[in-house]
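Engineer: Chain by chain, the residues:
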Amino acid sequence: MTEQTTEAVAEELHDVRLTVNGASYDVRVPARRLLSDALRHDIGLTGTHVGCEHGVCGACTILLDGAPTRSCLLLTVSADGREVTTVEGLTERDGSLGPVQQAFKDCHGLQCGFCTPGFLTTITAGLRDNPDPSEAEARDMIGGNLCRCTGYANIVAAVLRAAELGAEAEPA
Amino acid sequence: MTVTEIGSPRRRKEDQRLITGRTRYTDNIVLPGMLHLAMVRSPFAHATITAIDTHDATSSPGVVAVLTGRDVADEQGSLPCAWPITPDQKAPPHPAIAVDHVAFAGEVVACVIARSAAEARDAIELIDIDYDELPVVLDLEEALTDATLAHPDLGTNKSATWVFDSAEAGTGDDVAQVLAASELVLERTYLQQRLIPAFMEPRSTVVDPTGEQITMWSATQVPHLLRLMLALTLSIPEGKVRVVAPDVGGGFGGKLQVTPEEVITMLAARRTGKPCKYTETRSESLMAAHHGRGQVQRLKLGATREGIVTGLSVDLLADMGAYLGLVTPGVPILGAFMYNSIYKFAAYRFSCTNLFTNKAWTDAYRGAGRPEATFAIERLMDDLAHELDMDPVELRRKNWIKHEEFPFSTIACLEYDSGNYEAATDRALELFGYDDLCAERDRRRAAGDRVQLGIGVSTFTEMCGLAPSRVLGALSYAAGGWEHAQVRVLPTGAVEVVTGVSGHGQGHETAWSQIVADRLGVPFDSIEVLHGDTQTSQKGLDTYGSRSLVVGGMAVVAAADKVIEKARTVAAHLLEASTDDIEFAEGRFSVRGTDQGLALGEIAFATFSAHNLPDGFEPSLDSDATFDPENFSFPHGTHLAAMEVDTETGEVTLRKYVCVDDIGNVINPMIVDGQVHGGLVQGIAQALFEEAVHDESGTLVSGSFVDYLVPSAADLPSFTTDRTVTPSTTNALGVKGVGEAGTIASTPAIVNGVLDAIRHLGVQDIAMPCSPHRVWKALQDGASKGLGAEEPVPDRVAPEQDAGPMNSSGNLPTGDFQ
Chain A
5 MTEQTTEAVA
15 EELHDVRLTV
25 NGASYDVRVP
35 ARRLLSDALR
45 HDIGLTGTHV
55 GCEHGVCGAC
65 TILLDGAPTR
75 SCLLLTVSAD
85 GREVTTVEGL
95 TERDGSLGPV
105 QQAFKDCHGL
115 QCGFCTPGFL
125 TTITAGLRDN
135 PDPSEAEARD
145 MIGGNLCRCT
155 GYANIVAAVL
165 RAAELGAEAE
175 PA
Chain B
11 MTVTEIGSPR
21 RRKEDQRLIT
31 GRTRYTDNIV
41 LPGMLHLAMV
51 RSPFAHATIT
61 AIDTHDATSS
71 PGVVAVLTGR
81 DVADEQGSLP
91 CAWPITPDQK
101 APPHPAIAVD
111 HVAFAGEVVA
121 CVIARSAAEA
131 RDAIELIDID
141 YDELPVVLDL
151 EEALTDATLA
161 HPDLGTNKSA
171 TWVFDSAEAG
181 TGDDVAQVLA
191 ASELVLERTY
201 LQQRLIPAFM
211 EPRSTVVDPT
221 GEQITMWSAT
231 QVPHLLRLML
241 ALTLSIPEGK
251 VRVVAPDVGG
261 GFGGKLQVTP
271 EEVITMLAAR
281 RTGKPCKYTE
291 TRSESLMAAH
301 HGRGQVQRLK
311 LGATREGIVT
321 GLSVDLLADM
331 GAYLGLVTPG
341 VPILGAFMYN
351 SIYKFAAYRF
361 SCTNLFTNKA
371 WTDAYRGAGR
381 PEATFAIERL
391 MDDLAHELDM
401 DPVELRRKNW
411 IKHEEFPFST
421 IACLEYDSGN
431 YEAATDRALE
441 LFGYDDLCAE
451 RDRRRAAGDR
461 VQLGIGVSTF
471 TEMCGLAPSR
481 VLGALSYAAG
491 GWEHAQVRVL
501 PTGAVEVVTG
511 VSGHGQGHET
521 AWSQIVADRL
531 GVPFDSIEVL
541 HGDTQTSQKG
551 LDTYGSRSLV
561 VGGMAVVAAA
571 DKVIEKARTV
581 AAHLLEASTD
591 DIEFAEGRFS
601 VRGTDQGLAL
611 GEIAFATFSA
621 HNLPDGFEPS
631 LDSDATFDPE
641 NFSFPHGTHL
651 AAMEVDTETG
661 EVTLRKYVCV
671 DDIGNVINPM
681 IVDGQVHGGL
691 VQGIAQALFE
701 EAVHDESGTL
711 VSGSFVDYLV
721 PSAADLPSFT
731 TDRTVTPSTT
741 NALGVKGVGE
751 AGTIASTPAI
761 VNGVLDAIRH
771 LGVQDIAMPC
781 SPHRVWKALQ
791 DGASKGLGAE
801 EPVPDRVAPE
811 QDAGPMNSSG
821 NLPTGDFQ
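Quick note, the sequences are listed as chains A and B, same order. Every number in this note's numbering is 4 more than the matching position in the first sequence, counting from 1. Every number in this note's numbering is 10 more than the matching position in the second sequence, counting from 1.
I should point out that these hints are in silico values taken from the structure, not numbers from a laboratory. Mixed in with the good hints there might be a few duds.
[Claimed, not checked] Label pairs and their computed distance ranges (CB to CB):
1. A:Glu172 to B:Gln26: 51 to 59 Å
2. A:Arg32 to B:Gln545: 32 to 40 Å
3. B:Arg34 to A:Ala173: 28 to 36 Å
4. A:Asp98 to B:Asp625: 50 to 58 Å
[Said to hold, decoys possible] Derived SDA-like pairs: lysine to any residue, alpha-carbon spacing no greater than 20 Å straight-line:
5. B:Lys23 to A:Arg36
6. A:Lys109 to B:Arg34
7. B:Lys284 to A:His45
8. B:Lys666 to A:Asp144
9. B:Lys23 to A:Gly99
10. A:Lys109 to B:Thr30
11. A:Lys109 to B:Glu519
12. A:Lys109 to B:Phe534
13. B:Lys666 to A:Gly99
14. A:Lys109 to B:Lys284
15. A:Lys109 to B:Ile16
16. B:Lys23 to A:Asp110
17. A:Lys109 to B:Asp535
18. B:Lys666 to A:Ser138
19. A:Lys109 to B:Pro679
20. A:Lys109 to B:Arg32
21. B:Lys23 to A:Gln106
22. A:Lys109 to B:Arg21
[Stated by the list, open to error] Footprint (simulated), chain A over chain B, 3 or more residues, beta carbon under 8 Å:
23. 28–35
24. 206–218
25. 252–259
26. 723–732
Just so it is clear, the structure is predicted and the values come from calculations on it, not from any experiment. Just so it is clear, CB atoms sit at the ideal spot from N, CA and C, and this is done for glycine as well.
Please model the complete structure; the sequences and the hints are all you need to start from.
Structural biologist: Okay, here's the thing in structure tokens:
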């Protein structure tokens, strides 16, 4: 082992303003900083998990201006001025669970919980587009996210349950 | 005891934190002054290291230190293997950082410690390593010849050979004689491809060397074993090491390990005196975390023309990979007791040769030995049914142990305590609509439809609840199989349950609360379950082998019962009655025949204040218990799959899946269903999707989630799951364990279904995974050979490697299922 003596050369940093879950954050990051890392390590919102860092598993999915987005494939600098919603932002203002969160609990839609934040954000956006999905549509809605524990059966059930809860909350 | 919680689908206590982002996974942990590690990994599967130049990395921005194997050679020890299956088992030393020899691609050869993870990763690019490449051995049949050695210093690729013979054991006849006398002998070779556990949370370790104890947080299934093994491997006093498994994102056996990365992070923290963190990338995880399965199964099954199985001979080659992990050599041996499955044989012989190759080490993966055994026997039973033109369910009925024959001593030396294969099978057939689906299959076959239907049958049992300590001792495993629990009653009457098992998605916090709520008559929400920290849970053997409930849950029951007896003494004293007259029900101690009584909480406070206790009574209700099971438990079930195969494209579709499992009494049916669903998908994935593919130089080709095909929801149907209940008679809860059942049973059901659809087209075997390309190729080969083709020998190396245009165009060999 050799001790390092020379002074580190700093990487060029960029000022980025993000609105995350309704709150404004100013971060100073290198150009290469992934949004997933900025959320977890610069902002301290560790609810977003990184499962594969190559955009396949979907665990790191956040909502960028409402659209589900892989935060491991997005540079923080390119999210400047955008609105980000993470799993921490899916809870209601009074601290109670949002409909998708409640549905996951009701339907046992999670086991180890690592992939769950990505499913919750994906489904939140999915139900906004399609508030009353069929079972096949529910399955399709989550087809881009990987879960190793549940076999997806209860996640599909949770999508349908969340749609019910959403309908109850907003009567037609 | 009043049962109100046990059996109810309680929503999980764990969920609140997991669905709101208040998680505590290891990579979330940030400590003051924390340094970050990145690993340099060998790009070669086999090489000697001739030189390492770390100069540029050392002076790279933010780098604090670089560690090579030579730097830590004197302190890193050799990673542990706890299961020497034979006294003469051979194993190479396994340094955490390779010193001068690498034996698989992905092995750590250096580690950079830097102020940030990005700086550490930048610096690994600056380390210059000279390798002399050595020839690789990848294939098991080649490894057996010793022509090329995975570890030249070892002189052989053979680690050990382990044999069970029913004639020698006195449990049955001589298999050679029985087979020679059998009217029919099926000879088959099946391949168990390599799989990757692919837990969703990449492995991560944080080590804090500040303070008197060194604390390691790690994404592990086995904090207690890890603590013990770190102490032994690194010669650190065990009392100086604390291991915490915080929230852990899945394991499936893949985190049942003591890893190089954990040891390296420990070494780095001790060297620098600073907290250190290492979190692997997904590609590192797929490449270097241990793999599973990897066997060649050479089988001979004897039978009469009436379909009575006479004997079975199993000759295995098992791929250890480059090193022996914690329980690597024992994984195929766990299968040795399960090839006879639910059947009665006159003769049985099992022989397994464990072989080294230049691939990542293998070790436990969900089911560990038992899925391989179940696959082999269930494939054989379907092949035999076909050979005899017999219904595969009827064939099984002729051979299985009948419910009135329990307890049953098997030819593999186990005593099955209970079971009812008839009931589970009848229920499954009914739910499946077996007769109708068989009729539809026959119609479509007769009509020559392009899309053919096949019915796959799989019945199974498994030994789980690992394990009776003396049995493990007899199998030369280094540790026991007991489990520990502590139940504490706090002054407020709230209860803390400390368990030695270490859940990572199984819902122990919920299920243990249900058990204790009923046992002590306290509310579910007044119970807190603590686990996964060696400082809190001082004793334990952790979570694997479907053992947590069967062994750990029983320890909780035993500890709770001790609490009741202590409280009864206090109650008798306070109520001025004899202990014999004190009844306990629904959380209340009463004097028999009176309305006088005290709640457990009142007794807890009286014990806390200790003002008025019986003479000599230790002022505490808290109780410990260590439970060592007397036997395994034996879940069983019947799984049926309807598979559609497009004979022009080879596309396989799972149309319907029904399983009826018998796991004894159920604590929480919602959690059980979840375990079954997840288990099914992992087993189905082995049949249809997943394979760790290596190229001819030993590089893992399926090294990302683009290439290693963990199925998504879009690949799967919903399942029909049901249960029959035949309680285990070997534990007071009557439970059996469910974590591995789905994975064990589903793989053969799927493959049997695929084959049933196209067997009449000349296809007798398809190597897993049954991808469209392989199915299509098997159909082409079957057509060219004509019906009644010779006994099948599947392609030994991944058949798609020779596929011509697909590969020469640069696409990856496994890419045909996307």
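Engineer: Next, verify each hint and record whether it holds.
Structural biologist: Going through the hints against the structure:
no.	hint	result
1	A:Glu172 to B:Gln26: 51 to 59 Å	violated, 21 Å
2	A:Arg32 to B:Gln545: 32 to 40 Å	holds, 38 Å
3	B:Arg34 to A:Ala173: 28 to 36 Å	holds, 30 Å
4	A:Asp98 to B:Asp625: 50 to 58 Å	holds, 54 Å
5	B:Lys23 to A:Arg36	violated, 39 Å
6	A:Lys109 to B:Arg34	holds, 18 Å
7	B:Lys284 to A:His45	holds, 19 Å
8	B:Lys666 to A:Asp144	holds, 18 Å
9	B:Lys23 to A:Gly99	holds, 17 Å
10	A:Lys109 to B:Thr30	holds, 11 Å
11	A:Lys109 to B:Glu519	holds, 14 Å
12	A:Lys109 to B:Phe534	holds, 17 Å
13	B:Lys666 to A:Gly99	violated, 41 Å
14	A:Lys109 to B:Lys284	violated, 39 Å
15	A:Lys109 to B:Ile16	holds, 19 Å
16	B:Lys23 to A:Asp110	holds, 12 Å
17	A:Lys109 to B:Asp535	holds, 16 Å
18	B:Lys666 to A:Ser138	holds, 19 Å
19	A:Lys109 to B:Pro679	holds, 15 Å
20	A:Lys109 to B:Arg32	holds, 15 Å
21	B:Lys23 to A:Gln106	holds, 13 Å
22	A:Lys109 to B:Arg21	holds, 6 Å
23	28–35	holds (count 7)
24	206–218	holds (count 5)
25	252–259	holds (count 3)
26	723–732	holds (count 5)
Hints 1, 5, 13, 14 from the earlier list are contradicted by this structure; the remaining hints agree with it.
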